[in-house]
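Single-letter residue listing:
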Amino acid sequence: MSASRHRRWGIAPLRAQLLAATLIGVIALLADGPALGRASAAPLGSCTPAHGTIVAVDFAHWGGPIVRGCGVGQHSGYALLHAAGFSTAGDAHDGPAVVCRLGDAAFHHGRQYPTPNQQACVQTPPTTGYWAYWVAPRGTNHWAYAPLGAMGDVPKPGEVEFWIFGATNVAGTHGTGVPTFGPAALRAHSPTRASATSTTRTSTSSTTTTTTTRTSTSSTTTTTTTPHPPATSTPTTTTHTGTPPLPRAHLRRTHRTHRTHRHLRDRAAHHSRHRAPQHSRRHAATTTHSTATPRAGGAKVVSARPTSRRGSAGSSTPLIIAVALALLLCAGAGRAIWLRRREE
Amino acid sequence: MSPARNTRGRATGLDARRVSRELHPVAWWLWAIGLVVAVDRTTNPLLLLLTLCVLGFVVANRRGSAPWARAFRYYVMLAGIVIVLRVLFRSVFPSGITPDDHILLRLPHVPAPSWYSGVQIGGPVTLEATLSATVDGLRLGTMLCCIGAANALANPKRALRVLPGALYELGMAVAVAVTLAPQLIESVQRVARARRLRGGGGRGLRALRSIAVPVLADALERALMLAAAMDSRGYGRSGAASGQSRRVTGGLMLTGLAGLCVGAYGLLDGTAPRVLGAPVLLAGALVSCAGLAIGGRRVRRTRYRPDPWSAPEWTVALCGVVCAALLYLSAGDSAAEVDPTFYPLRFPPLPLLPVIAILVAAVPAFAAPPPIRSRRRPNAPEASAEPAARTELVA
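Line by line, the protein sequences give chains A and B. Sequential numbering from 1 applies to the first sequence in our numbering. Sequential numbering from 1 applies to the second sequence in our numbering.
Residues of chain B placed beyond 10 Å of chain A at every Cβ, according to the derived structure: (1) G165; (2) A181; (3) G204.
From the structure, some residues in chain B lie toward chain A, with a derived Cβ separation under 8 Å: (4) L46; (5) L49; (6) L50; (7) A60; (8) S95; (9) A129; (10) A336; (11) T341; (12) R346; (13) L350; (14) A362.
If you want the ones that stay clear, here's a sample from chain B, every Cβ over 10 Å from chain A, calculated: (15) G122; (16) N151; (17) Q183; (18) G200; (19) L224; (20) A228; (21) G234; (22) Q244; (23) A278; (24) G284; (25) V287; (26) A293; (27) R303; (28) W309; (29) L353; (30) A367.
If you are wondering where the hints come from, they were derived from the structure by calculation, not from laboratory data. These figures come from a predicted structure and were not determined experimentally. Cβ atoms here follow ideal geometry from the backbone N, Cα and C, with glycine treated the same way.
Using the sequences provided together with the hints, build the complete structure.
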C-alpha cells in the first residue's frame with residue numbers, strides 16, 4: 001500500500017479554520033484603532049416645537065426615570081439616540097440595528113438595560129420584553145408604533161421618539177410596552193411664545209403645551225430639569241384619542257402594510273388636529289434653575305447626559321491562550337492520526 | 001511491507017493494555033447532545049473554536065474504521081459552507097452600519113425606494129458585521145460538527161437497537177438503507193476492476209452502461225438474498241396482533257403525533273393560547289408513548305450480544321451532561337463573557353469555567369475504550385485484498 005492511498009483525515013479543514021480565526025484576530029487587532037470619541041450631546045434647549053427631535057427612554061421597568069434628550073439633523077433614530085447621549089447595544093444575531101439594550105449616564109452611571117443576566121441579546125428580543133419604539137410626529141397627540149427600526153426611521157423636526165421597555169401584543173395595542181401618557185408631556189417647548197406662530201396645525205396641538213425651557217447651552221451635564229406640564233396630563237394613548245389601533249410594525253414591513261400604516265397614522269393625525277387638546281396649558285416663563293421635577297404619567301423626567309463609550313479593545317491574552325489550547329488539541333488529534341496511519 | 005504493519009490491531013501508547021471494543025452508541029449521542037446544548041448557550045468565538053478542536057481530538061482518537069467513521073470531515077466542510085454563506089448574506093444585505101464601524105470594502109449599492117427602506121442591498125461591508133456573521137455561522141457549524149462527531153463515533157446499526165419495539169420495522173428499513181451506500185460503492189469498484197482485468201477500456205456513456213447494468217443486477221440479487229434471509233428469520237410477520245389492537249395503536253399514534261405538532265406550535269407561537277402549548281405537548285407525548293407501548297407488546301425481540309453499559313459509557317455520557325450544565329451555570333454569572341459582541345470591536349474574553357466545561361468534553365478521548373480497527377481499508381472490496389497480497393508475493 002502506498003502512502004498516497006491512505007486517506008487524509010478531516011483535520012485539514014479544521015486547521016484551515018483555526019488559521020482563519022487567527023487571521024481574523026490579527027485583523028481585528030490592526031483595524032481597531034483608538035476608540036472614537038462621541039460628539040457631545042445636543043443640549044435639550046436646542047430642541048423647539050419646530051426644530052430638532054426629542055428622544056426619550058423610559059427606564060421605569062428598572063425603577064428609573066424617563067430620560068429625555070434632543071438631537072438636530074440626524075438621519076436615523078439610531079443616530080438620534082446616540083446624539084442625545086444614550087448608548088445602545090444590538091443583539092448578536094441582528095447587529096446594532098436592533099436596539100436590545102439602552103443606557104444613559106443619567107441612570108445608574110450609564111449601565112445598559114436590560115442587563116446581560118436579564119436578556120442575553122443573542123437572538124432578536126421577544127415581544128414579551130423588548131424596547132418598544134414609539135413616535136409622535138409634530139402636531140399629533142398620541143403615540144404611533146414606529147413602522148421602521150431605529151436605523152430605518154428618519155427623525156423629523158418637531159417629532160418625539162420614545163423608547164419603552166416591556167411587552168406588547170402583536171398588534172402593538174396592549175401590554176406594558178405601550179406608553180400610558182401622551183407625547184405632550186415630553187415635547188419640546190418653545191423658549192418664547194413667539195415661536196408658536198407657524199401654522200394653524202401646530203398652534204392647535206403641540207404648541208398649546210408651550211412652556212419655557214432653559215436656554216443655556218451648557219446645561220446638558222446637570223440633572224436639573226425642564227419645567228413642565230403638571231402631572232395631571234391626561235394619558236392619551238391611541239385608544240383614548242379614538243383612532244383605530246395601529247398595527248404592530250415589523251422591522252422589514254412590506255410596502256403594502258407600510259402604506260396602510262401611514263394611512264392610519266395620517267388619519268390619527270387628522271383626528272387629533274381637529275380635536276383640541278384637552279390639557280392645553282400655558283406656563284409663565286421660569287428660570288433655568290427650576291427645582292421642580294417634571295413628571296410624565298407619574299414618572300420623573302430627567303435630561304440625558306452623554307454616556308461614555310467603552311472604548312477599550314480588550315486584551316489579546318485570551319485569544320493567545322485559546323489558540324494555544326486549540327493547537328494543543330490539534331496536535332493530539334494529529335498524533336492519533338499519525339499512529340493510526342503507522343498502524344495500517 | 002514492514003513487519004510492524006502486519007501486527008494487526010496492535011494498540012499503541014496509553015491504550016496498549018486496554019481491550020478494544022465499541023462504546024454504546026447512546027453514550028456517544030448523549031455526549032454529543034450535551035455539547036450541542038453547551039454550544040447553543042454561547043456566542044464566544046474562542047469557546048466555539050475550542051469546542052471544534054475538542055470534537056476533532058475525540059474523533060481522531062476514538063473513531064473506528066467503519067465507513068461512517070469518516071463522516072466527520074464532511075461535517076467540518078459543511079460548517080465552513082455555513083460560515084461562508086452567513087458572511088455572504090450579511091455582506092450583500094447589510095443592516096445597521098453605525099458611524100463607528102470599520103469599513104472593509106464597499107459593494108455597489110442598489111438604491112431601494114423609500115417604502116422599501118427596511119432592506120438594503122449592497123453598500124459598505126464592515127469588519128464588525130463580518131465578524132458577527134462569522135461567529136453566528138461558526139455557532140451553527142459547531143453544532144453540525146457535534147452531530148457529525150456522534151455519527152462518526154457511534155455505530156448507527158447498533159443505535160437502531162435502542163428503538164422501541166413498535167418501531168422495529170422502521171428501524172430495520174433504516175438499517176437496510178444505511179448499509180446501501182457502502183454496498184453500492186463496493187459493487188461499483190468490483191465491477192470496474194473486473195472490467196479493467198478483462199481489458200475493457202473506454203470512457204463515457206459506454207463505460208457507464210457496462211458498469212451500471214452489472215451494478216444494478218448485483219443490487220437486485222443482493223436485495224433478493226436479503227429478503228430471503230429475513231423471511232427465513234421470521235421478519236415481517238404480524239405476530240399475534242389482532243386487527244383491533246392494530247387500530248388502537250394506529251389511532252393512539254396519530255392522536256399523539258397531532259398533539260405533539262399542535263403543542264410545538266403553541267409553545268413557539270407567542271400569540272397562541274397557553275393551553276395549546278406545554279399541556280398539549282405533554283399530552284401528545286404521553287399518548288404517543290402509550291401507542292408505542294401497546295404496539296411494542298406484539299413484537300417479541302431477543303437480543304444477540306447486547307451492548308454493555310459500563311463505566312466508560314457512564315463517563316462519556318456524564319462528560320456531555322457536565323459540559324452542558326457547567327456552561328449553563330457559568331452563562332448566568334458571566335453572561336457578557338459567554339456572549340460577547342463585536343460592537344464596539346474588541347477581543348473576545350476567555351471565561352475560565354466554560355473553558356473547563358469544554359475541556360471536560362475532551363475526556364472521552366481517553367475514557368472511551370480504544371476502537372476496533374481493522375488493518376485493511378474498511379470500505380475496500382474483498383477482491384482488492386488479493387492484488388495487494390499478490391504484489392507482496394512478487395516483491
